[in-house]
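Q: Please model the entire structure based on the sequences and the hints provided.
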Amino acid sequence: MKNPRRRFLSLAGAAAGLVAVAGCAKDAPQDTWQPAGPNAEMIDNLQRPVFLVAGIVGVIVFAAVAWVVFRYRDRGQAIPEQTHGKPAVEITLTVIPVLILIGVAIPTASTIFDLAKTDDTQMVINVTGQQWWWEYDYPAIGDNAAKYGLSQPIVTSGQLVIPENTKVLLRVTSRDVIHSYWIPKLNGKKDGVPGRVHLLRLEGSKPGIYAGQCTEFCGLSHSYMRMETIVLKRADFDAWVANQLAPYEAPAEGTLAKEGEALYIQQCSRCHQVNGLADAEGNLIVSAPEQYVVSGAAPNLTNLMTRNTFAGASWDLLTQECRDVVWKASADEFGAKYLAGVSADCLNQKDLREWLRNAPEKKPMYVDPTKLQETGGKYRGMPALGLTEDQIDALVAYLLERK
Amino acid sequence: MTSTETHHAAGAASSTDAPAIATWLTTADHKQVGRLFIGTGLVGLLGGLVLAVLVAFERIDAEGFQLLDSGSATQVLSAARLLLTFGAVAPLVMGLAVAIVPLQLGSRSIAFPRVAASGFWMWLTGLVLSVAAIIGNGGPSGGESEMVDLYLAASVVMVLGLALAALSIAVTGLTSRAPGMGLLRAPFFSWSSFVGSIALLMSLPVFIGTSVYLYVDHRYARAAFGGNFGVNNWVGWAISQPFTYVLAIPVLGFVLDAIPVLGRTRLAQRPAANVAVGLVSVAILASLTHRAVTLPWEGDGFFSGLGTKIADLLPFGLVNVIPLLGLLGVLGLTMLTLKSAKPMLAAPLPFAVLGLLMILLGAASHLLYTVEDAALGGTIFEAGSYVAVTFGTVLLAFGGLTYWGPKLWGRRIPDKAALPLALLGFVAAALGSLPYMIAGFADQPAGVVDGFAYSGPQELWNVVTTGAFALMLLVSLAFIGLAVRSFTAGEAAGDDPWDGTTLEWATSSPPPADNFSDLIVVGSEYPLADIKNSGKVG
Amino acid sequence: MMITTSSKLLYGLGAGSLAAGFVWFVANEGQQLGSVMFAFLAVAFIFLGAIASYTRDGHVLSTDTAAHASSAASQKSVGRSLWPFGTAVSAGVTVVGLISSPGIFKVGVALLIAMLGEWMISNWAERASSSNEYNTKVRDYLVHPLELPVAGALLLAVIVLSFSRVFLALSKSVGAIVFAGMGALILFFGALIAVKRQANRRVVGAILGVLLLALAGTGVATALDGEREQLTEAAEEDHFAHRGCTEEKEYSDKKASRAVSMKSSILANVILTEDGQLYAEATGYPGQQSAITIQRSNPSTILFVNESSEARRMVLSYGKVVEDLGDGVERESALEACTSKVEKGGQQAVTVVVPKPSSASDEPFTITVPGVEGAKIDVFVP
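Chains as they are written, first to last, in our numbering: chain A, 114 to 516; chain B, 77 to 614; chain C, 1185 to 1566.
Incorrect hints may appear among the rest.
Said to hold, decoys possible - Only pairs whose alpha carbons sit at most 27 Å apart, straight line, appear in this in silico BS3-like list of lysine-lysine:
no., chain 1, residue 1, chain 2, residue 2
1, C, LYS1540, A, LYS516
2, A, LYS491, C, LYS1540
3, A, LYS441, A, LYS280
4, A, LYS516, A, LYS450
5, C, LYS1528, B, LYS608
6, B, LYS415, B, LYS608
7, A, LYS319, A, LYS450
8, A, LYS260, A, LYS491
9, A, LYS302, A, LYS230
10, C, LYS1560, A, LYS260
11, A, LYS139, A, LYS450
12, A, LYS302, A, LYS346
13, C, LYS1504, C, LYS1560
14, C, LYS1560, A, LYS491
15, A, LYS302, A, LYS319
Hints in this document: simulated from the structure, not taken from any laboratory.
A: In structure tokens, the structure reads:
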């Protein structure tokens, strides 16, 4: 292909084709065209006709442009008479779009109001964004406590677990910069703004995992700030809650995990909370992330191995095989597969060990200790701890028991 | 500013489009600076006279009627003297000198023109702040501590400004004379301004230093100088005799310049006049010792202790008698000159003669005051001689304005209108000073306004002086009104209204920015007369 | 000839001073102070006399025509200059500062140095060459890098200071109106200038100058008048540093209602009813709550609404903090945040960041109202 113009055209064509083909992915986890809950369905019901209308208009406009370009291309003919102003055409071409837009606006506004309703809430969950992960806490008050067995608050991260067909209201906010919470299959986006509480309805009508990612650029590792929402049947949800609230079980004496606990207390508990963990004298250990991290928070690791992901839901705790089992499980089987958590066999040792070895290498987090003046010595993420391989073994063993 | 430097009138071209206020603020033209001094000096004169009338009025009834409370009366008294000496006499005299001396010397500029300009603004800043301090109860013996501090510090700035102007005049006299004009050929106003400026340069720093001491003492310790009540003890010399003679020295030159010209004759014994003016400057010796050199006469014991007597007489004569001799010399030469004169009836003449007489009266009476046996110390006699010298100097300054005003503004004051003012001014000066002298003999105390008592018709003397001060105020108002009207809308004067003999009359009226277009080479004491005789100038 | 006319005068005065000093010394039987004074005077006179002798009175002979053009008398005057006036004014400022405040004094000294420096530099530049244009350029080249930034900074400082003084003196409501009015004026004039492009620079400059003067004048006036009552009284009671959460009423409680921050949304409304009941309305929760949850380490705003008949304040207690003061000494202080005393029907917000979970504290986190028995809301911080 020596003709550069031809070459360009074919390249452009190939690129356009690839983009188009990308839309054909089956079961894409963040597909906005596959609603899995009433809120997303409302949006879907709106966007399909709007897209249809927009598509028709687009086809007409592009076809008209193409026809004009072709029909009146420069063939050396004389320039036609130049005129200005044709009120009939102008008015028509103004009125038609106005009518179309009004037609689109009415259902849009109605849907927006429907999506903003909060008076039918059944469960409230606080969602807090920070660089670069989402924290979920389940308040132990109101209906949460009365109807869903939340005798104590649950604090978790990465994966939001909600019961099936339950109108959940997320109270979205942020601890540092603006983030945005978005599970495409369940609802639209909602920004998490520091100092403000924004409300987002979430309801899943089918058990399963629904992925999403932060959609407001929030710094270096914005692309590693992911989240998943897990929809469980009510019984499974109750089991999940019971497990989350179960008392802390210390590792058996003499095990590698016990060594890991000591190491955890020494290295990790400054920022990461494990509920019920106590020191040698029996004093409960309360983490102090407010002293070390800019956002003042770090993920709660009490039940790390009940969730399938870590580090802002960017990496799986499950090996690919085990992950597929969960992800591809049918709606009826899903709950059991998910609640199985991460077993020793299924643990994705590679990513977890890499993370413990040198977290900032895996996920950029501005943790160069020599450049912390402007944050007053605080980190924006997890620093490299300089652990030996033996220590990592012990920690992994300890973490494996956090179920 | 040595003669090898080349100056350029930077911005002179742009002076026309600058707003008027800016030209006044930024001027370095000695004529303009001189006019600023004179104008503000006239305003200060009115202020000082108003206060003087107030104080005098207050003195009429020592017991009963009171306009001012006793504390503020003392301060008003100080304010009146401050305004009359440093707010009126000093700027009027310095202003005339700054404006006229370079013209007389055939110079295109004053030496250090910007220093002279800065001197004016400093003087004005200091004066305004001083007056503000006095109003805020901070003058000598003031009650507001911070205002006393302000008064002391501000008076330093004020006097520093005067010293800077004096520096300009002295250096001009010494260096900026036309070629061929030795100092002995310089006009007398220039000579006396030179002598007076030197005397001021020698004495004003003492005032500054003393004020700084007083400031430090008053602000921090009040240990050494008596705090607010010590102010007048230490710097009061600057507002009393014989320092007042020093301020009068330049305008003695006006007498010596104007009388021969107006009398259509030449001054007899020129070198003697130079010496006489120089002798007056010896007054600073007495100023700096501040009346310490008094004479214990001790009546009949004169011949019994001749050695002691000489020891007393010598310093007394040196510091007190010599200045008086100088003044007498000036008067004598004036009289000698007038004998051969065919004087024209011009207003400056009576101002010159009567003003000189008043100064002499003041100086002579002050000599008496320093004789201990006269027992006048601490009496209001001192105020009498102060009024005589000060009002005399003001009359001379008025005379100088009528004489040189036509040069500075190009218009003249009508003689018929000014002559009566000279006479009335003399009457006011005489009636303002003599009764105080008489009251002094009758032991009316100085420095107090209320609550004194002595034998004799005290009310009479005080009523007379009050009236005299009021008359002086009216004369000053009339003169200022007359001057303003005449100099803005009066009869055009021409370049040489008095048929003068010195160089200031050789240039146009008012003179151009650089005074003279061509340098005039001088061959005698009367360069303009030489030029006229040679037929170059009509 | 060494003895010139003026040196005769000066030597004569010097000799007179010496004689006076001597006579003084003899006559006053060794009282030295006066003699020393005369001696100094004599030295000064003789020194001046020597200068006069040395310069021969600055005399230029009429026959020495070569020297005429360079004689002092033939030199034209220097041009106009602002610095002599500026120096005098600076001296005045210094003097005023000397007795009033060190700040003004320092400004005066700085001004004095600046004015004298400018004076010296312009005098130097005026002699740099025979071309005025070149001399001006030389001066500007040297001084503008210093002058312009300083002048700009001063201008800004004047504007900013005047603005702040004005608004510290105005009451809050009037301040808002004035601010809006000034903004409108600026917009109006800006638009006017933008529209009338050929507007005379001088006119625009004059208007701006007058506005600046007016602003500065108002600033000075309001600065002298002092800040508005609330600010001064609150400063006296040191309420910018500390605010007590007691039942007593303090100055900062005066007119404290309606002080809700516009920047944050409300995490929860805490309402005290007429009959002394306390309940919360938390965003996202239906109905009245007796407990709220606050996210840890997250700035959260709680609005207190007082519907009772008394002025009340809301206090949020969230544990305590223990400081290690060294030497084994520890100081324990309660962590509290509170509103001012809110009048009946008023409301006020408080923003708080709770660093620790409530489970880490021995005592429960609560919202209470001092003086109202039983008014309590549980606060959970997960």
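Q: Hint by hint, note whether the structure agrees.
A: Cross-check of the supplied hints:
1. C:LYS1540 x A:LYS516: holds, 24 Å
2. A:LYS491 x C:LYS1540: holds, 17 Å
3. A:LYS441 x A:LYS280: holds, 25 Å
4. A:LYS516 x A:LYS450: holds, 14 Å
5. C:LYS1528 x B:LYS608: The hint is violated at about 100 Å.
6. B:LYS415 x B:LYS608: holds, 25 Å
7. A:LYS319 x A:LYS450: holds, 15 Å
8. A:LYS260 x A:LYS491: Violated, at about 40 Å.
9. A:LYS302 x A:LYS230: It holds: about 15 Å lies between the C-alpha atoms, which stays within 27 Å.
10. C:LYS1560 x A:LYS260: Holds, because 24 Å separates the two Cα atoms, which is no more than 27 Å.
11. A:LYS139 x A:LYS450: Holds: A:LYS139 and A:LYS450 sit about 22 Å apart, inside 27 Å.
12. A:LYS302 x A:LYS346: Holds - the C-alpha atoms of A:LYS346 and A:LYS302 are around 25 Å apart, at most 27 Å.
13. C:LYS1504 x C:LYS1560: The hint holds at about 18 Å.
14. C:LYS1560 x A:LYS491: Measuring from Cα to Cα gives roughly 36 Å; hence the hint is violated.
15. A:LYS302 x A:LYS319: holds, 20 Å
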